[in-house]
Each structure stands twice: as structure tokens, then as C-alpha cells.
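Student: Spelled out, the chains give:
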Amino acid sequence: MTVQASNLESEQLPDPSGAPEGDVSKLAGKSPTRLALGRFRRDKLSMVAFVVVALYILAALSAPFLVKFGVLDPTSFNQELTDPSTGGLPIGKLGGISWEHPLGVEPQTGRDVLSRVWYGLTFSLAIALTATILAIVFGAVLGIIAGFSGGWVDATIGRAIDLTLSFPSTLMLLALSSIGIQLMADILPGTFSDPLPNGAYVVFVLALFGWPGVARIIRGQVLSVREREFVDAAVLLGASRRRIYFKEILPNLWAPILVVFTLTMPAYISAEAALSYLNVGIKPPTPTLGNVLRSSINYSSADFIFFFTPAFLIMIIVVSFNLLGDGLRDALDPKTHR
Amino acid sequence: MSDRTSDELPVSAGMPNDDPRPRGEDPVDSDEIDYVAPLEAHAASVADPNAKPILEVRDLKMYFPVKSSGIIRRTIGQVQAVDGVSFQVPEGGSLGLVGESGCGKSTTGRLITRLYQPTGGTINFDGRDISKTSARQLKPLRREIQMIFQDPYTSLNPRHSVGSIIGAPLAIHKVVPRDKILPRVQELLDIVGLNPEHYNRYPHEFSGGQRQRIGIARALTLQPKVLVADEPVSALDVSIQAQVINLLQDVQREFNIAFLFVAHDLAVVRHFCPEIAVMYLGKIVEIADRETLYNRPNHPYTQALLSAVPDVKQAAVGGRRERIRLEGDVPSPINPPSGCRFRTRCPIAQEICARVEPPLLQIGQRHKVACHFAGELGKHPDRPVTAPLLGVDDTGAPDPGATPSPLAANEPGYSDTWYDLERKTMASA
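Taken in sequence, the protein lines are chains A and B.
Numbering-wise, the first sequence is residues 4 to 341 according to my numbering.
Numbering-wise, the second sequence is residues 9 to 437 according to my numbering.
In short, the hints are calculated from the structure, not lab data.
In this text, a Cβ means the ideal position worked out from N, Cα and C, and glycines have one as well.
Any given hint might turn out to be false.
Footprint (simulated), chain A over chain B, 3 or more residues, beta carbon under 8 Å [what the hints assert, rightly or not]:
| # | region |
| --- | --- |
| 1 | 154 to 161 |
| 2 | 175 to 181 |
Within a straight-line C-alpha distance of at most 27 Å, the following computed DSSO-like cross-link-like pairs (lysine-lysine) qualify [said to hold, decoys possible]:
| # | chain 1 | residue 1 | chain 2 | residue 2 |
| --- | --- | --- | --- | --- |
| 3 | A | K250 | B | K188 |
| 4 | B | K140 | B | K69 |
| 5 | B | K182 | A | K250 |
One chain only, chain A, in its complex shape (with noise of 0.2 Å):
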């Protein structure tokens, strides 16, 4: 509160320093953004989160070029690292670790377990962040204009997001997969084994059950914002509907937008894994960390670093998101305290 004062009276008073008026064009006003991202940077723990999940973006992004230049091989069978007198457990100690195979290999198959689990989380990351992003986008909106609106508009957003929460998610994503994912082979690209009608039919299922989540946080927070008066000064000036949503009430939800994210992305990374024990999404041998963890469940005792890795990076990038997220909304909401 000082800093800010002593701040606020050196835009005013008469330079004592001297310095030429120029100067004063050179101190940019901070922005809100700004100052949320210097209350973030002190957090330590939501900095150690923040970095775990940059790099979780950064393996996920890298591993597609590494497996096209060979230093992934997510695919390639090493039959003669598994021992088939022991029921195809790989050789050696640990799961087979060794210098060609860090994690070890996938028993009976001998597939590389550094290079599925890492191709694994291009395959998730693309998951769940297209299904977040959907569900964002369709919410954020759809809650704008519920709360904006009002009347008979948000009755029936109200109702239609009443609906869908009260629908039996997980079992008709089970009933309809098979038609769902013939009809996302239809429209896009690929045959129905192929990755990306399933990937596409999980997106399509997490996006429409997680919209009206992000509808109603989204429609409280448009309730609140628009009593204040700077809406009615938009409305004022002649502003268009879009005006006043996108430009005037939008940058006021950005912090609930963006930890609604960070909060959604772990909820979608291990619902993708269990969705895929339950045999819906990406088949192999196309890796992901949910399938590659359903495989990795029969050896549980057998072999436990192949079920290690996979539950543990799943495990490690939840909850560095879910820190992320509080961390953030500490940050942009100073006014709550842990």
C-alpha cells in the first residue's frame, strides 16, 4: 500500500530528481495482468508447478519431431529383450533398464517404454487440450450471454446446462462410442481404428459434458460484473452486443477463465487415461499415457516400473496443473487467502 502511494505521488508532484518530462511516458501504467504475474512469480510452489508443466508442453511438443528423426521409437518390437520362458517379462533387472532403454521395455513386445510414454503425452496434451479449449470457448460464451442477457436467454441456457449435467456421461460415452466414433471416421480423415476419429470422439464427449461446468462459473461471474456501472457507460456510448461481451465484460473474466484451465486440463489428462482402461480413445500401438497404462496394469507386480512410469507422470503433471491453478487463482484474486 505504501509503494503504491509513494508511487501515485511521483506521477505528481514536480520531479525532484530533475528528470526531463520525457521520462515520465517511459513508466507505462502496470495492467492488472501484470501485477497477478508478479504476485505469481513470488509463489514459489506454484513456480516448481508451472515449470513442471512447461515442460510437460515442451516434451509433448518436441516428441513428434524426435520420433520422426529416430530418437523415439515408440513402435519398433525388441522381442529379444523379453525372456518368453518367464511369460515375455523383459531381461535384466528393473524392467530391462538399460543405456539403449532408460525406462526399460514393454514386456512380450519389447517396445521401448521412454519413447511410448513420451510420444504418450503428445497424444494426451492433444486430448485434453482440444476438449478444454471446446468446452472453454462453448462455456465462456454461452455463460456471457446467459448472464447478460438474463430473462427467458438464460432460462433456457440455465435448463439446457441443467440437462446435460443430470445426463449419465460415463455410460452413454460407452453405449454410443462405436456409432460415435463411425460417425467421427466419417467426417474426418482415417478409418475407424485409426487415432483420429477416436481421439476426436473423446474430445468430442469430454467437450460436451464439460461445457456447462465452465457455463455456470462463467454466468456467476458475468452476474457480478455486469451491475457495474462501466456496463452501463458501454451501453451508454452506443457500444454493440459484442462490444460489451468480448470487449468490456470478457477481460474482467480472464482470471476465473484461466484457472477453470488449469484446472480442467488434469481433470481431462486422467480422464483420458481412464477412459482409455475402459477401451474408448486412441488404440495401440499408437501410445498414450492412458493406454499405456492400461497395458501396463496386468504387470502391476510382474514388472512395476512399466506400471510406475506411466501412473506416475500422470500423477506428477495432475497435480503440478492443479497447483498451477491455485497458484494462479491467488494470484489474479488477491483478496482470497489460502
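Could you slot chain B onto chain A? The hints should help.
Tutor: Frame of chain A; chain B shown alone:
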């Protein structure tokens, strides 16, 4: 993040480490001194008697529906926020609208800017009725009627820089090309007494008074003819109020803007408005020029309001003025009292007040009052002055023998003839 820039300026101690200050916890508005306003140069505003009315409001009504709870929300009542208000605002003049909280003065302001759609009545702006204009057709009119908001902490979007707040009207109406917006913004900042270099700052970096100046600059951007000022200084520190009022007077003079000045501070209104209307429960109870209203109020409500204003001169003499205390609360505007709406708290109310609503009767050259017993404090008549005009007897019952006079009640503005309370006849100047 700003270490580099703040190092260059030794006076700035570093980055602010907290969010926008919570309201009310302003650091001292020491910054206001940079606007050197010769206070003595700002005498009370004077009305131009020949000015044409630019805004004429006739029988304006705003009823808000009261909905029942439950799934099917039926309308079960109406809040009569504004109920038949008529007045004129002259070109470049200012009309003050005073009254206690909830009397409908802010609603009236918002009706004129068409933030609300009036339930009834007309709003004549520059010769055209804008009370029923659609939102699309209103857009060009938005340039002419602007508003200054009460709370400078919520009226500026915290996510926009000052430059984009003040420049928004220009961008929306495409008045000037994009690259000309910034020079115009800086010009406006200069007009309202802020540093033009501060266009890239954000509202939270300014104090309450400075924010209100930004709000004024935004309202001035489109060079409106009418400005509705909705309690523009009530959220400010008393020391800052005077400076903002002076600024408003300056811009009024410079750009010839007509003001509808909504306030509850009688001293501020007295300084700013040559003409004042007093509202009670959605109706105008007395409207007059400044001298008449403050020196010779005829309505008991106005008298009570004025008696609540602390008087420095009186205090210096040592005497205490008799304070008129009103009993009870303002009745609900959902179910207002019959007849005169003030009668439930009026010290001089009689039977007629419950039966017949008093018309807003012109009793002087520029003086109208809505009271059956209109008269100066202590000189209220015993018999209702309005009874013969309305064709009723003294208790308010219809009088078959009487002939009601045609009254120009609830017309905006003043007529050349009026009803003289002393002589009980029509008089003229």
C-alpha cells in the same frame, strides 16, 4: 517486472504489490493539487433566462415489475419508481434533482439517457421524442446525451487503459480515424486536468477524484449537448468535491452543455444549479429557481430537507435553527399512499391530503409546488388552497357547486400566469 523502468525514476519505489486499492482507502488525494483551479473564480452558476429548453420531459413514468418467486414468475406488483415527472432543462443550463434515497432521482437520470425504457411519458430532446426510440435508432443520439456516473470505482473498466476508456466513444462512433484517437484523448485529459502522458495507465493507478475526471473526459469525448450527472461527487472526499464541481462548471461553460444534476447534497446543488426540483417517492413535489427554493420553500418536505442542512452562518451567530424531524420511513413505492404521497409523514396533513392528489401548481414566476397547504414555513394556510381549483370542498369530497379551474398541471416548464397564494387569483409578471 518493471525493475528497469522504475530504476530510471528514483522517486518510484518499485512496483505496487497489491491490487487496486479497496474503495474508501484512498491515499490522500494530494495529486489533486496539480489542478490549480482558482476557486474564487467559480461563482454559483447562473441561468440564462432566454435559453431554449433542450430537454423537455413530460409525465415520465417508470414502473418496475415485481415478480413472484417460483418457476412461473408472474408480475404481482409494480415499483412506481418514477410516476409522472415533468421538467425542462434549458440549453447550457442545469437542473438539480434532489431528494432522499429511493425517491427516483437516479432512475429519472437513467431514463433520460435511455438506460431504461420508460413505462410512459415523453422525453423531448432537441424537438424529437426519444422515449420510444429503438436501441438501433438511439445510437446516433447517444452522442448527444451522456452520463457521469456516481461511483468512479466501478464506472471505469479495470482492464482497459485510460486511453482506451476515453477513446472508446470515438472508436464506437468512428468519429475520427484510428490514428487520430490518441491526440484527441490527450487533449481531453488535458481539459479535465490530468497529465496527457498518462493515457497508457490503468484506472487503479488513479485516486477517486482523478478517476472521476476520467469519467468526465469519457462523457465529454463525443461533445454531448446534455450530460446527466448521477451524484457525480457523492463518492468523493469533500476536499475533492469542490474541484470536480469547478471542473464541471468549466466544461459546462466551455462546451455549452446542459446538465441534469442528480444529487442529494443540497449545498452542491445550490452551487451548481440555478433551478432545482425536489422529488419525493417518484414525484416532483416542488420545483423552483435557486433563490426561491432555498429562501422561500413552500412544500413541507422541502422545508424539512432544508432544515437538515447545517448552516455555517447560523452556527457562527450561535443560534440553532429549528430542525424539522420527519417521522417514520419513506412508504413503499409498490403501494404508495393515496392522495398526496407525503401525507404519511407530513406535519400539516389533513383529510383532503388522503383523498385528492395535489397538483403541481405554479405559484410564482418560476415556482411550482404540489401541496394543498402550500405556504412558507409557519405560514401554511388553514384551508386547502387547491380545493376551489380542483372543485372539491375542504375535506376533499367533491363539491357539486364549485367549478374547477383549468389547471396546466404537470406541464414541463413555467407559464406566464400563475396562481397567487396571497390573493387567491391568477397573477402574471
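Student: Just to be careful, I want the Cα atoms of K250(A) and K188(B) compared with a cutoff of 27 Å; is the pair within it?
Tutor: 21 Å, holds
Student: Is it true that the CA of K140(B) sits at most 27 Å from the CA of K69(B)?
Tutor: Roughly 13 Å between the alpha carbons, so the hint for K140(B) and K69(B) holds.
Student: Counting residues of the region 154 to 161 of chain B that have a beta-carbon nearer than 8 Å to any beta-carbon of chain A, does the count reach 3?
Tutor: holds (count 5)
Student: Is the straight-line distance between the alpha-carbon of K182(B) and that of K250(A) 27 Å or less?
Tutor: Given that 27 Å is the threshold and the Cα spacing comes to 16 Å, the pair holds.
Student: Counting residues of the region 175 to 181 of chain B with a beta carbon closer than 8 Å to any beta carbon of chain A, are there 3 or more?
Tutor: holds (count 4)
The structure shown violates none of the earlier numbered hints.
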